[in-house]
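Participant: Taken in order, these protein sequences are the chains called A and B.
1 is the number of the first residue of the first sequence in the numbering used here; add one for each residue after it.
193 is the number of the first residue of the second sequence in the numbering used here; add one for each residue after it.
What the hints contain is simulated information worked out from the structure, not anything from laboratory work.
Hints are supplied without guarantee of correctness; some may be wrong.
With a straight-line cut-off of 30 Å between C-alpha atoms, the simulated DSBU-like cross-links for lysine-lysine are [as the list claims (entries may be wrong)]:
#, chain 1, residue 1, chain 2, residue 2
1, B, LYS356, A, LYS55
2, B, LYS357, B, LYS309
3, B, LYS309, A, LYS153
4, A, LYS77, B, LYS339
5, B, LYS339, A, LYS153
6, A, LYS165, B, LYS339
7, B, LYS233, A, LYS109
8, B, LYS213, A, LYS21
9, A, LYS21, B, LYS233
Simulated coverage check for chain B against chain A, where a stretch passes if three residues somewhere in it have a Cβ under 8 Å from a Cβ of chain A [what the hints assert, rightly or not]:
#, stretch
10, 253-266
11, 278-292
12, 313-326
13, 340-350
In this text, a Cβ means the ideal position worked out from N, Cα and C, and glycines have one as well.
Number of protein chains: 2
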Amino acid sequence: MSSEMVTVDEIPFPPQITVAKPLSLLGHGITDIEIHFLQIKFTAIGVYMEPDVVKHLQQWKAPVEKFIRVVVIKEIKGSQYGVQLESFVRDSLAAVDKYEEEEEEALEKVVDFFQSKYFKKDSIITYYFPATSAPAEIGFVSADEGKEEAKMKVENANVVEMIKKWYLGGTRGVSPSIISSIANTLSSNLSK
Amino acid sequence: MSSEMVTVDEIPFPPQITVAKPLSLLGHGITDIEIHFLQIKFTAIGVYMEPDVVKHLQQWKAPVEKFIRVVVIKEIKGSQYGVQLESFVRDSLAAVDKYEEEEEEALEKVVDFFQSKYFKKDSIITYYFPATSAPAEIGFVSADEGKEEAKMKVENANVVEMIKKWYLGGTRGVSPSIISSIANTLSSNLSK
């Protein structure tokens, strides 16, 4: 965070203030009206919040149904894909001290599911997360014609949480481009 | 919502899908790496969620401390300002059937607080909302030198909620420019 004053319509606002806790200037704006093409400004406003607010707003934690559709562009062995997912989930759970025997078993089933598959171009992997988070459902449809969809359920809530985080978790997730795309959609909706 | 396919790296994604409920394409992206200046794309990804996710992410509802500093640009009578706040809070509470005697009394105290004041240019109105939402504290410092800060507490949680919504509530709030400013800050933080 910068320590420089932020000016809103020539009025300075400190970037931080402390009431009970240190709060950061999260947004600013003005109130105004336009009369006969003349803008009349009434007030300049600064909004301060605990920086923690961001954690509360992480969309992957919101209790709504989510569905992720992954389409293969470059072919890869299912086992290679599975290994990447496995490392992320295992490391993320270990980091918060939640990687126990049950998690290991649940994760192994996911790895097994991908093990035997080959991800040709245009194959589709899907993840379905109900609003309650677990069980999640993983699906796979090969690009080969006439192949049926393979499905599996992931019952362990901790493993489900980290799979979700892999695609939707921001910082350490697999695709920053998704997150900024979601953030843009959300921010335009939030400001409606 | 549009019904046209969204293409992500030439791969089409439907704008809506239905699993248990109808879900909207909220974001998309790709996974890739760059090797020797060559981008290798692995997958195209579409993320679908209940459109309701936006409600869960409204920042003014997050349980963190908030502080709003309003600086007067154009002078106005405190009573005029108070009337605007009063109408918004009363109408918003009535709309959700929460405008009872207690709310009326609490709101009247707020109106009384502003009644006797004159908002000269550079006067400052502050709103402090603790993480638990109520009681909120309203402050006023006149631009006249030597004036002490006047303060009052708002104990009624429903009234507090709607005062918060006046400045931070988006659609019907007093300043859309604040909301888009906050949304931008949040979205850049969420995608970090």
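Participant: It remains to establish, for every hint, whether it holds in the given structure.
Facilitator: Hints, verified against the model:
no. : hint                : result
1   : LYS356/B - LYS55/A  : 20 Å, holds
2   : LYS357/B - LYS309/B : 23 Å, holds
3   : LYS309/B - LYS153/A : 63 Å, violated
4   : LYS77/A - LYS339/B  : 73 Å, violated
5   : LYS339/B - LYS153/A : 66 Å, violated
6   : LYS165/A - LYS339/B : 52 Å, violated
7   : LYS233/B - LYS109/A : 27 Å, holds
8   : LYS213/B - LYS21/A  : 41 Å, violated
9   : LYS21/A - LYS233/B  : 44 Å, violated
10  : 253-266             : holds (count 13)
11  : 278-292             : violated (count 0)
12  : 313-326             : holds (count 5)
13  : 340-350             : violated (count 0)
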